[in-house]
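Chemist: Here are the chains, one letter per residue:
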Amino acid sequence: MMRFVTWFAQALLVTALALIALPRLYDMAFAPRVAPTYLFYSPVSQEFIYREHHGNHDFVYASESGATYDRPAFEKLLPFIYYKNMDIWGLLPIRIDGQSYGRDTIRDARQVVELKARELPGNRPEIPVYALIDSDPGRARLSFPEDVFVPRDSGLEVLNVDVNRPDPDLTDRFNAALAGAGFAFPARLVAGKQTILKPWDAGVFLVDATGAVFHLTRTGDTPHAVRTPIPADLGIHHIKVTESTRREILGLVLTGDARLFLLTMPGYGLIELPTDGYDPDRMNYKLLLNPVAPTAVYGDDKVVHGVAMTPDYAPRAEYARDVPGTADMAHARIARALFPLTLSLQDGPGPYLRWHLAWSGWAGLIGIALSLAALFGLARARRAPLRQTLPAAALVTLTGPAGLLAVLAVPGHR
Amino acid sequence: MRALAMKEWIKLRHWLGLIGLGHLAFGAWFYLSMRHQFRIEHAEMIYYQANRIGRLFYDDLRYVPLATGAVLGAAQFLPEVLRGRLRIAMHLPMGLGALILAHLGLGLGLLAVVLAFDLGILAGTVGAFFPGPFVASALATAAPWMLAGIAAYLGAALVLLEPDRRTQAVNLAVAGGVVALCHLSAAYNAYDGAIWGLAVLVGLMVPATLRAAARFRDGGTG
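Respectively, the protein sequence lines represent chains A and B.
Once you know that position 15 of the first sequence is 15 in this note's numbering, the rest is easy, because the numbers rise by one and skip nothing.
Once you know that position 216 of the second sequence is 630 in this note's numbering, the rest is easy, because the numbers rise by one and skip nothing.
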């Protein structure tokens with residue numbers, strides 16, 4: 001019995017590693033990379049157009065109505081994206097809906113706001129220590145402060161990073177400012193863009209224990225806390241803060257039920273964005289802002305959705321398209337037959353590694369049948385009794401070639 | 415059991431002295447290295463690099479447990495198989511499983527002391543320059559490195575005890591595979607939800623080592 005247990009443990013170990021390594025080596029050798037589909041709404045042709053990748057160097061530029069283009073013609077349909085090229089080609093200013101748009105007009109009016117799945121809490125690790133950037137440093141560029149805060153259950157703790165010790169004075173000031181604004185600890189969420197590589201600093205947003213959203217900024221050693229009019233019952237999951245020179249948009253607000261809002265300034269206004277078919281944990285969301293047709297594009301490696309809107313964000317056109325991917329390619333079909341069961345330790349959408357055990361479907365029965373045939377062929381050649389082969393057969397039946405490799409690599413038990 | 419512990423102590427004491435000195439020297443260097451970075455760079459920039467860019471200031475520790483586990487495993491089992499000492503021990507009034515588990519238990523216990531020292535150095539050094547949340551993150555980030563050390567120790571035993579060259583190569587690949595999985599990501603806290611799977615794989619190496627020992631006793635059969 002002991003011999004069987006130790007044999008099984010070693011065979012299981014080899015099987016697990018083979019379930020990880022074999023498909024990975026196969027993919028490295030044969031799998032092509034397929035880029036995601038880029039979907040846009042053309043304010044020129046008034047329809048959705050896309051760039052689709054079919055592996056290797058095969059790119060297709062086409063429209064939802066079936067027209068195909070070469071790359072320059074495709075770019076000319078997107079003056080708010082490729083305006084620098086169009087300027088070089090002498091195609092600006094361009095007239096759309098009777099309005100003329102030159103290079104400078106376009107540059108000042110366009111903006112891209114993006115929320116990636118890997119940015120969401122739960123998909124990325126975060127050390128809860130936040131810099132207290134001075135929003136009005138009295139000089140041209142922002143600089144990193146020596147003060148950071150750590151949210152504690154009963155308040156913020158402000159620390160000086162030079163000495164790694166709490167600063168009681170600043171701690172009292174910031175907690176007093178938040179208390180004065182009606183903040184209830186502990187904080188559920190802290191959100192801000194913790195970098196100085198931005199044109200200005202919007203400070204941080206904090207969601208308190210009741211769900212109310214507060215905006216905290218710092219000028220010198222003076223904190224400013226404001227309770228925003230954002231409804232406390234919105235169920236906020238994440239706030240993406242983005243500071244652009246246009247100073248019209250503060251960021252995006254994602255709720256727990258996958259509704260997404262544009263956070264505007266001044267006044268902390270919320271504009272609900274289209275989210276039909278949006279899965280925040282898998283999909284990246286991109287809002288392409290322009291003065292004619294702001295467009296929301298979101299998707300993953302299976303499907304891409306596009307919703308074009310009027311300048312006041314009312315939906316005007318929608319389109320969804322399956323991403324070609326690699327699932328129907330020959331190498332993928334062979335892989336499904338060869339590797340009925342795969343195990344992986346992979347990141348995605350954020351840096352967290354996760355275990356995935358996947359069954360390839362009915363095609364995997366081919367790999368299992370071939371592996372079992374090889375196993376019984378070997379057993380017959382070695383004149384091994386059937387009873388002795390059964391544990392190995394069970395392992396191969398469950399795992400296919402990975403189990404066969406383990407049985408061959410780990411000498412059989414007697 | 416006491417005799418076995420004495421035998422292991424006599425065999426390993428010089429190696430343990432070297433490992434202990436090496437880790438003391440590493441601990442001192444690790445602290446000075448961190449301190450040096452805070453002396454030549456503004457602390458706020460180091461915070462930014464550590465927290466937002468994800469630079470691991472304690473990355474020097476990454477392969478220390480791995481090297482320690484491999485050295486300790488080799489020091490403990492290489493003399494046993496090279497000079498056939500283990501065969502003599504197998505004549506003691508003690509089952510093979512208990513004998514090997516006692517060897518592994520002693521080795522893993524010593525390794526645990528060294529790894530605990532490393533974690534103490536890590537927590538103390540990071541805590542001297544960063545607040546508590548950084549210490550918690552550093553310990554979680556270093557957890558798979560510690561498992562890699564245990565995998566390296568068990569891998570050394572698995573390879574050295576196995577008498578057949580072909581199976582020895584398989585065991586080397588298995589140990590290498592488990593260690594590689596422990597070092598798959600360079601991001602902090604990346605293994606927070608996956609460490610259990612690595613622990614299972616490392617755990618499976620213990621009965622696998624018992625099997626290698628049985629094969630050693632039986633001259634490569636079984």
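No lab work stands behind these hints: they were computed from the structure.
Just so you know, not all the hints are guaranteed correct.
[What the hints assert, rightly or not] Below, a sample of chain A positions facing chain B; criterion: calculated Cβ distance under 10 Å: (1) P125; (2) S143; (3) E146.
For every residue, glycine included, the Cβ atom is placed at its ideal position computed from N, Cα and C.
Chemist: Less than 10 Å between beta-carbons is the criterion; does E146/A satisfy it with respect to chain B?
Modeler: For E146/A, the interface hint holds, since the closest Cβ of chain B sits about 6 Å away, which is under 10 Å.
Chemist: Take the shortest C-beta to C-beta distance between S143/A and chain B; is it under 10 Å?
Modeler: holds, 8 Å
Chemist: With 10 Å as the cut and Cβ atoms as the points, is P125/A at the interface with chain B?
Modeler: Because about 3 Å separates P125/A from the closest Cβ in chain B, which is inside the 10 Å limit, the hint holds.
Checked against the numbered hints above, the structure violates none of them.
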